[in-house]
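> Here is how the chains run, residue by residue.
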Amino acid sequence: MAGMNMIQALNSAMDIMLGRDPSVVLMGEDIGYFGGVFRTTEGLQRKYGEHRVLDTPIAEGGIVAAAIGMGVNGLRPVAEIQFADYIYPGFDQIVSELARLRYRTAGEFFAPVTIRTPCGGGIRGGQTHSQSPEGIFTHVSGLKVVMPSNPRDAKGLLITSIEDDDPVVFFEPKRLYNGPFDGDPTKPAVPWSAHPKGQVDEGYYTVPLGLADVVRSGSQVTIITYGTMVFVALAAAAALEVDAEIVDLRSLVPLDVDTICSSVKKTGRCVVAHEATRFAGFGAEIVSVVQEECFWDLEAPIQRVTGWDTPYPHAFEWEYFPGQARVASAIQAVMESA
Amino acid sequence: MNKHSRLHLPRAPARPGEKPDFSYVQISPAGAVRRPDVNARALDIDALAVEMVRVLDDVDDAVGPWHPHLDPAELQVGLRHMLLTRIYDERMQRTQRAGKISFYIRSLGEEAVSVAQCMALRPGDMLFPSYRNQGLQIARGIALVDLMCQLLSNTRDMCKGRQLPVMYHSKAGNIFSISGNLATQFPQAVGWAMAAAIKGEDHLAASWIGEGSSATADFHHALLFASVYQAPVILNVVNNQWAISTFQGYAGGEQRSFAARGPGYGIAGIRVDGNDFLAVYAVTQWAALRARTGAGPTLIELVTYRAAAHSTSDDPARYRAKDDQEHWPLGDPIERLKRHLIKLGEWSEERHRALTGELQALVGASWQEAVTYGTLNEGPKLDPDLMFEDVFKEMPPHLQRQRALMRLERGSH
Chain A
1 MAGMNMIQAL NSAMDIMLGR DPSVVLMGED IGYFGGVFRT TEGLQRKYGE HRVLDTPIAE
61 GGIVAAAIGM GVNGLRPVAE IQFADYIYPG FDQIVSELAR LRYRTAGEFF APVTIRTPCG
121 GGIRGGQTHS QSPEGIFTHV SGLKVVMPSN PRDAKGLLIT SIEDDDPVVF FEPKRLYNGP
181 FDGDPTKPAV PWSAHPKGQV DEGYYTVPLG LADVVRSGSQ VTIITYGTMV FVALAAAAAL
241 EVDAEIVDLR SLVPLDVDTI CSSVKKTGRC VVAHEATRFA GFGAEIVSVV QEECFWDLEA
301 PIQRVTGWDT PYPHAFEWEY FPGQARVASA IQAVMESA
Chain B
1001 MNKHSRLHLP RAPARPGEKP DFSYVQISPA GAVRRPDVNA RALDIDALAV EMVRVLDDVD
1061 DAVGPWHPHL DPAELQVGLR HMLLTRIYDE RMQRTQRAGK ISFYIRSLGE EAVSVAQCMA
1121 LRPGDMLFPS YRNQGLQIAR GIALVDLMCQ LLSNTRDMCK GRQLPVMYHS KAGNIFSISG
1181 NLATQFPQAV GWAMAAAIKG EDHLAASWIG EGSSATADFH HALLFASVYQ APVILNVVNN
1241 QWAISTFQGY AGGEQRSFAA RGPGYGIAGI RVDGNDFLAV YAVTQWAALR ARTGAGPTLI
1301 ELVTYRAAAH STSDDPARYR AKDDQEHWPL GDPIERLKRH LIKLGEWSEE RHRALTGELQ
1361 ALVGASWQEA VTYGTLNEGP KLDPDLMFED VFKEMPPHLQ RQRALMRLER GSH
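As you go down the protein sequences, you meet chains A and B in turn. Residue 306 in our numbering sits at position 306 of the first sequence, and the numbers go up by one each step. Plus 1000 on top of the position in the second sequence (first one is 1) and you've got our numbering.
Derived from the structure by calculation, the hints contain no laboratory data. Honestly, I wouldn't trust all of these hints.
Below 25 Å or equal to it, Euclidean Cα-Cα: the simulated BS3-like pairs (lysine-lysine) are [claimed, not checked]: (1) Lys1100(B) <-> Lys1381(B); (2) Lys1100(B) <-> Lys1160(B); (3) Lys1199(B) <-> Lys1171(B); (4) Lys1100(B) <-> Lys187(A); (5) Lys187(A) <-> Lys197(A); (6) Lys1019(B) <-> Lys1171(B); (7) Lys1171(B) <-> Lys1160(B); (8) Lys47(A) <-> Lys1393(B); (9) Lys187(A) <-> Lys1381(B); (10) Lys1381(B) <-> Lys1393(B); (11) Lys1381(B) <-> Lys47(A); (12) Lys1381(B) <-> Lys1171(B).
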């Protein structure tokens, strides 16, 4: 075990996979010589060479398309899109090509591409460095979608994603890169070294996709969340002294319906929380699943906590961000309904 | 497997610890490149795309057919705009370091691009800038206070707190909104120019991107639509050699100039010394006349050097030779124009010092005023209700509900 922040854990995952599997290549803007704008690929080009860790032109459509071609030709590309906000020029290649290649060729062609991309707000990044577009990708058949909330999961999930023969869009909540964040920007930053999940196995290990993690067991209400909101939910529930069960989904597609439903059936109350906008967001899918599977066990209408349905505003970051107060209101609403 | 690889991996000429090397930059002597008629067919003037138009020579004289013969008073205005841009940048950089604004991008070493080009255009021409074109705002006469209020996201911010610092716009100044997404404005400028032609107006559009952004599909969309419709547009690639850490070779610059992509699309391409105020002015004037007379679009590559970091979030010492910019063979645009004016007898070191002091005072006074309208952390604040406006023209019910919830949430604190 070693202390790692999420950047170091992701770096370790790629380091291990480059070492284990000669077909793994990394590609992206500024990732090679420079080591990435968040330093996630630092040292890897020096260690594995320019043929394994490729700098690319600034062309997300080109990056995804080239990764597909490389994948078809036997490589296992891990492509970085520098910010999730910049993924859209690659959207056609992801949706129309990467996600469907196996289907349209009856399984004869496939591209085992992992697309890593930093997402989420809380860093004063304005509308082009703060978005959470996971729901756009969960809606596409043929894509797996992952979002870790801590270094230990990040490493194991990334290794699993790289080894997966299906395409994976791997979202990295960048506000969590250096430490857990409970949604209160006025508190001093907490490093991962102060958190158990900042202790990471230095060797190879995997965390399976489609397996949620119950990060806190509780009896009164289930909070289903992922990414940055895991720590916001923990803090909000603690402040209210509510015995909440908090489920970190970790992977959105495939989705761990069993863990979600057994928790909601136990508590009878459910809050769904994500940073992304609300309307037709991924939370709506969760609410629908819970309604379909747990209707007769519910004591109250399910509550959703989300970002507002506006573009991410620079000046109003903390009025926009679904912080502890918004989570607390939802918990109170679901607890008060009889 | 890599010993005899057929895969070419571009190498930056100098990384940290190495000696700066700009031998790859092809430079024509000042005055050497011919100036064709503005109505010349693109295919007859291919050479312009690989040569380099230069007017200021090594002894600070203006020479050759591209010499624009500007009035000294106009050159002094150009010098003032460039100097103001630089002083503004320096002050805002310090302001960011002091935690007063969240982010900043300087244009150090590239001031001639925006200032000379803007001065060669008319006020009715529409500008579609990138994030390193603050010289356009200054040359168009946008008040520094207005720019600073945007940086501060304060109560007089033109973007109402919704954009990152430096993402200005000016409806009245005919300057389009800056996007954090790269090159999206390039094909939009072509569309604006097509509309001007459809409406029978003689305005043109101009847009700027970095050479790194020429890798995007939008760059190619712009050239294609400009070619198909022969739109009255000037498409500018500011080749400042670096896209964060990515060297221009990763945008295809090793094989052929960026200007040479114009002729491939049937568009005139011109490569120009981007640190030569007179040359930049002259090629822009040529391209503007070409566009206005219906002779079609022009792709201009402005060869310059990003002397500063990409942004306040960047540290170039990690990826390029430390004193790189001091070895840049095309010098500094402000120094070069200053020396030319001195040689003409129209300027002096003393006047330059006085102007520097005057502009520093202007920037200082503007900042003092701007902060009275609030900063990110202190003073008057924008009403958070503004977050919900302008998502749509009329606020739909679900946003009205969310606004009410936000008010409740804020009230509970």
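> Compare the structure with each hint and give your call.
Now the hints, each set against the structure:
Among the hinted pairs, lysine 1100(B) with lysine 1381(B) is consistent with the structure: their alpha-carbon atoms are about 14 Å apart, no more than 25 Å. This hinted pair checks out: lysine 1100(B) and lysine 1160(B) have alpha carbons roughly 17 Å apart, not beyond 25 Å. As the CA atoms of lysine 1199(B) and lysine 1171(B) are separated by approximately 19 Å, the hinted pair is consistent with the 25 Å bound. Using a Cα cut-off of 25 Å, the hinted pair lysine 1100(B) and lysine 187(A) holds, with the two alpha carbons roughly 19 Å apart.
Distance check on the hinted pair: lysine 187(A) and lysine 197(A) sit about 20 Å apart at the alpha-carbon level, within 25 Å; holds. For the given pair, lysine 1019(B) sits about 46 Å from lysine 1171(B) by alpha-carbon distance, which is inconsistent with the 25 Å threshold. For the given pair, lysine 1171(B) sits about 14 Å from lysine 1160(B) by alpha-carbon distance, which is consistent with the 25 Å threshold. Our distance criterion of 25 Å between C-alpha atoms is broken by lysine 47(A) and lysine 1393(B), whose separation comes to about 53 Å.
Between the alpha carbons of lysine 187(A) and lysine 1381(B) the distance comes to roughly 21 Å, so the proposed pair stays at or under 25 Å and holds. For the hint pairing lysine 1381(B) with lysine 1393(B), the CA-to-CA distance comes to about 24 Å; that is within 25 Å, so the pair holds. Restraint check for lysine 1381(B) and lysine 47(A): the C-alpha separation of about 49 Å exceeds 25 Å, so the hint is violated. For the proposed pair lysine 1381(B) and lysine 1171(B), the alpha carbon gap of about 24 Å is at most 25 Å, so the pair holds.
In the structure shown, a violation is registered for the earlier hints numbered 6, 8 and 11, in ascending order.
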